[in-house]
Amino acid sequence: MKDMFVMNFRAGYYDPVNDRWVEPEIPNEAITSQDGFPGQGMPLLWLLNANEGALRWVSHPLGDIPGKIVNFLYGYAYIRGVYAAVVVPSKDDRPELAWTLGPIWDGYRWVQINGEWKLVCDLPLAPVIEVSVSTVKETVNSWNRVGYNYDLSHALACVIAHELGHTILWDVDHNPAIQDGQDPMSILTNGDSGHHVYQQHRMHCFMWPYFPPGFVPDLDGDGNLESLPFPNLPTDFCDSYPGCQSLWHLNPK
Amino acid sequence: MQRWAFVLVMVSFLLKIAMASPPGGFPRQLPKANEEATEKLKAAYAAYVQGHYRKAIRLALEVYWEHGDVEAKWFPSWVAKVVKGPIPDPYNQGEVLSRTIKGSFLFTTAIQSTFPSYLLARSYLACGEHKEVEKWLGNLRKLGWEYDGIVRVLTFPHPCGYGEVHSPKNTWHPLPLRFREEDYFILVPLDEACKVLGIPFQLDISPKTKRVRYVFLGKGKLLPGLTQARNIKGEREHLAYAPFEEDGKVWVPFYWLAKQAGIRGWEVRNGKIYVAPKQGTK
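Those sequence lines, one after another, are chains A and B.
Quick note: the first sequence, position 10, residue 5 per the numbering used here, numbers continuous.
Quick note: the second sequence, position 74, residue 81 per the numbering used here, numbers continuous.
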């Protein structure tokens, strides 16, 4: 894989209907920053602005489905050796920072069947990452209010890099002995989708399951937090323990 | 320092309760609220955002006791004013995402949703009733909420700050200001409200479209049809209800303007907006 394409669905843009410039919800720098994705040893990144991507209707046995040129490109990603993903700002009633839909080799797609929208995953299309920018901002602010000095752009870059990491490390389970929900703190220990595992792997990597990294809950219930966040946010995927940089691959095991 | 201590005490104390609940995984999918519960949850959400916590608690409890934790999702009424064509079904995540990617409107960020336990935990926290907060956080844990989600419930600020204003209501005075209600949010005409509240403002009209492009308030900026904004100090903020232009008038949520003017307490009574007298800072 030598090229990667990421499309930002809310970079700053000119709104012709209202004749105005709308500030970015997700600045492009959150994707292209040296402090974020892609990182050491990874392919060349091409950032695509969603407003520049032409709409293309993709023919599908279940009906025509909307796509952008980048998605069309992605349809051949596993053959051409390229990578593509879509980043969309979002919000949810639960204060999640971000979530990822689909790995790069098996993207999900919603299609209309008999008037109803259904999720299908039988086409290799682009994975989608939804980012709650306001939650990232409030999380950063809440730590900064108690003495940390995190930069919002860097934090956003970390969150997006973590999710982009999932698109490739989707099938990596670092701890098959524990699956999600089998442990009171399963997100710390299940190692699903490339997440690091508490007490086995490094914290200072984009794939640590908590943000900011290093923040570990009170596991023994003695009222003392096990550790506090690192003063500095990570700037890359780890090269060892477990070595996320070398786990990148295009197809599942 | 005080806030540091507060956060640490709250986090360590409440976690004991949160962690004592059964193990969870991804948050569970909640049942869809029926029409009546949806309306009550919409009203409760608007009451919480506008700083009327007791009302939010009352309405959310009514839903909880009758239906348990059901989820209401909706697109606010302002969406229909700025989007041409049909609005997607808010419960269909695929349709919302698909319409966002193929179109030019961010349906993913316009969607609103809530459910009783979350709203109750936040509202009781805003009122400083920590025993009740523990109880509802325990519920969130049972619903599969992990540690970091719980911490965010405890540490995120409330749109209208902590506590309700309890100064005697006979000291509150009515504002000579018309208003309307949409989705239980009190909306006021921007120009009239800014004059009454003493907020300097400036409209930027597009020579091309003759519509309001931006509203400038101090260092702040509002964009009709978008929840993205900058407050009067120039800081980024998201409004719970987007301003919109109608017949040349820009309508804005009163709670946000009141906050910019430093007003902590307000209510609608006898068809008028009453505000509490401003208090000196300590």
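Read the hints as simulated data drawn from the structure, not as lab findings.
All values reported here derive from a predicted model rather than from experimental measurement.
Ideal placement from N, C-alpha and C gives every residue a C-beta, glycine not left out.
Be aware that one or more of the hints could be misleading.
Looking from chain B toward chain A, a few residues come up when the C-beta cut is under 8 Å (computed) [to be verified]: (1) Ser120; (2) His165; (3) Pro166; (4) Tyr169; (5) Gln235; (6) Glu253.
Hint-by-hint comparison with the structure:
1. Ser120: Constraint on Ser120 of chain B satisfied, holds at 4 Å.
2. His165: 11 Å, violated
3. Pro166: 11 Å, violated
4. Tyr169: 14 Å, violated
5. Gln235: 7 Å, holds
6. Glu253: 14 Å, violated
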